[in-house]
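Since chain A is already given, all that's left is putting chain B on it; use the hints.
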Amino acid sequence: MDFTFNEDQQAFRDSVSRFLMVEAAPEKLRDIWQTDAGRSPELRAKLAEQGLTAFSVPEEHGGLGLGDVDWVLMTQELGYFAIPDSLADTAYVAVGLLKSLPEGHPARDSWLPRVANGSARIAIGHSVNPWVADAHLADVLLLPHQTGSTLEWHLVLPLQTHMAALPSIDGSRRLATVEWTPDAGSKLIDGAAAQTLADQMLDRGAFNVAGQLLGLAQRMLDLTVYYAAQRKQFGKPIGAFQAVKHQLADVVTKIEFAKPVLYRAACALASGEPHAALRVSHAKLVCAEASWLAARKGIQVHGAMGYTWEVDLQMFMKRAWVLDAAWGDRGFHKQRIAQALLGDTAPLGPGNTFSN
Amino acid sequence: MNLSYTAAQQAFRAEVRQWLLANVPREPFASYDTREGFEQHRAWEARLAEAGWSSVTWPTELGGRGSDLIEWLIFEEEYWAADAPMRVNQNGILLLGPTLMEFGTPEQKARFLPATARCEAMWAQGWSEPNAGSDMAAISSRAIRDGDHYVLNGQKTWSTRAVFANWLFGLFRSDPQSSRHHGLSYLLVPLDAPGITIRPIQALNGKQAFAEIFFDDVRVPVGNLLGEEGQGWNVAMATAGFERGLLLRSPARYQRSAQKLVQLYQRHRAEVDHDPSIREAVLRAWMGAEAYNLASYHVVSRLQKGARIGAEASTNKIFWSELDLEIHETAMRILGPRAELCEDLEVHDWLEGFLFAQAGPIYAGSNEIQRNIIAERLLGLPKS
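Which chain is which? The protein sequence lines are A and B, in order. With the working numbering, the residue at position 286 of the first sequence is 286, and numbering never jumps. With the working numbering, the residue at position 158 of the second sequence is 158, and numbering never jumps.
These are calculated hints, taken from the structure and not from any lab test. One or more of the hints may lead you astray.
Stated by the list, open to error - Only pairs whose alpha carbons sit at most 16 Å apart, straight line, appear in this in silico EDC-like list of lysine to aspartate or glutamate:
no., chain 1, residue 1, chain 2, residue 2
1, A, K99, A, D199
2, A, K28, A, E42
3, B, K305, A, D8
4, A, K334, A, D324
5, A, K334, B, E280
6, A, K236, B, E376
7, B, K305, A, E7
Only chain A is shown next, with the shape it has when bound in the complex:
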């Protein structure tokens, strides 16, 4: 029993953090987000150099072959630095689907190496999400198609689709409606296997967002603590007042008790536990709540400055607000928890936390 990360995992996280601190500084992100595409090929190339696109791709396809437990640390860094959806969706969720395809499947062989070397962006559709994020620059889209009771997954080229952009309050988001007509050539997989992939994708997608939300919560807390230590009123830093301290202490507690829940979900995904959905939904809920509390307390402590466009807090608040409903809103995840706990399937009580 060892519920901690090893030194390699921590070192990788630290190096990514140091890299993003410079390359994804808020002023750089603001510039990128204000462009039409909202994405920077230069930043993407640098992220690939750091190994982030190759992270989850199996080694035989040119990747690093790392798993969900390794990725959970990355998700928090991506959230902390508000890195847009494209990277996390491509490098983790899409890769997750592609590597679940049977050995030798042509889509696997052609796309995984391109994701690994950073030359392919993959956008993902899923029935839980009404729109597709980052479809506009995608080299290929993974889209579900439901006919009657049969689900199919298709690998669709942008030329085969019609997209319409949906502007988001979050400057980092690029959402679109995607219309397309399935054909036999685009079909990847169907039947029970397709449904299994859809379920796994949902869990990976929700887990991926949960980690980002937790990273966002930490970033907003850090920004707010810094502000509370600098800003003076009544002759002292506002952070010296208990009314301010206690609000921030509550954010710390929320974050600290969301972290191990997120880590447990990572382990459940990594070993394909039967109750992984319960663990993921638990993580998604507590991480979302931590991020919203951090946003709420963050803006309160920043005072009027927190309500401005100018102060960086807004970039992280908005991302936390919108990711809350991505890959299943709170009602969706509560329903999944209820099914597991009240449907008498998940083991409850002491001694069952690690029993799968």
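Structure of chain B alone, referenced to chain A:
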């Protein structure tokens, strides 16, 4: 990350489970805040001690199992799952024991540790005073050296178990010229010493859950001084860190409560589902208890790898005390109008737990103090 228990850990769990299955009394005891109930619980503790279960984290030569904290978590999981009796000498075993092991002389260890393990010494705590609550460094009860004795005068209060316990550990001001956390001494005081008056305080549930203790020229031998004279604050704080916080309230306690809450809800679903917020509160109880357990395993794993845990313990205190309130508030809401019927068999334990939960955010360092600690020591915000 390796979330499998080792073969040794599994064998330990099996041994605990088997022993509890054979030994946990079938009939519930009276409340330990009554004379009869205290004696029942004390006798149970002594049985645990004989089998080596009363203090699993103590070294084997002192009657423990030499368990690490993972084994302790396993023990607690089995203990709470078995609905075994409440523990009545945790003050001595979990709080005083490690302090004695670190600071006690060989004579003190020989005298007090086995007696504590066997529950011949039942311990109360002597920290709070009428004017020293959250501000514990304002302690003014005195212990003035007179030859080979200290002479104690003053008053302690909110001392849990003091009505029925026979020993007390606590802090007294040994240097009358000192202030704050200087000049305090850590003393072990027999509660039957001449000059001691114990006045029970009735708690919310009407029982004598704690007491005021008056000291009137009480003579305590210098051999009962733990650590050096005037160093009492450091002695008390040295072992006050994370482990004590965790040991005070094991996660299994809340997991068991949350599990029972789910069962209570399932039994009453037809009556309560017209309020959808109740179902959500039930789910949240499980989520909270599970999160506390996961956080405990996470931090214990870090401790096993040599990490040092300090002020993070304050987030624990806030989390479990608020969780306990949420669990019991939800139970009250499910029970509805019946929740006030204190002799109803289904209600009784929930109502007692609900009353006790009110104290959680207050004792062991109020949650306001914990929030100050988090803000100042974890976030580095300035002192006010």
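Results of checking the hints against the structure:
1. Between K99/A and D199/A, the direct Cα distance comes to roughly 15 Å. Compliance with the 16 Å bound is thereby established for this hinted pair.
2. Distance check on the hinted pair: K28/A and E42/A sit about 12 Å apart at the alpha-carbon level, within 16 Å; holds.
3. The hinted pair formed by K305/B and D8/A meets the criterion: a straight-line CA distance of about 15 Å does not exceed 16 Å.
4. Restraint check for K334/A and D324/A: satisfied, since their Cα atoms lie roughly 13 Å apart, inside the 16 Å limit.
5. For the hint pairing K334/A with E280/B, the CA-to-CA distance comes to about 8 Å; that is within 16 Å, so the pair holds.
6. At roughly 15 Å between alpha-carbon atoms, K236/A and E376/B fall within 16 Å of each other, so this suggested pair holds.
7. A hinted pair counts as satisfied when its Cα atoms are at most 16 Å apart, and K305/B with E7/A qualifies at roughly 11 Å.
No hint from the list above goes unmet by this structure.
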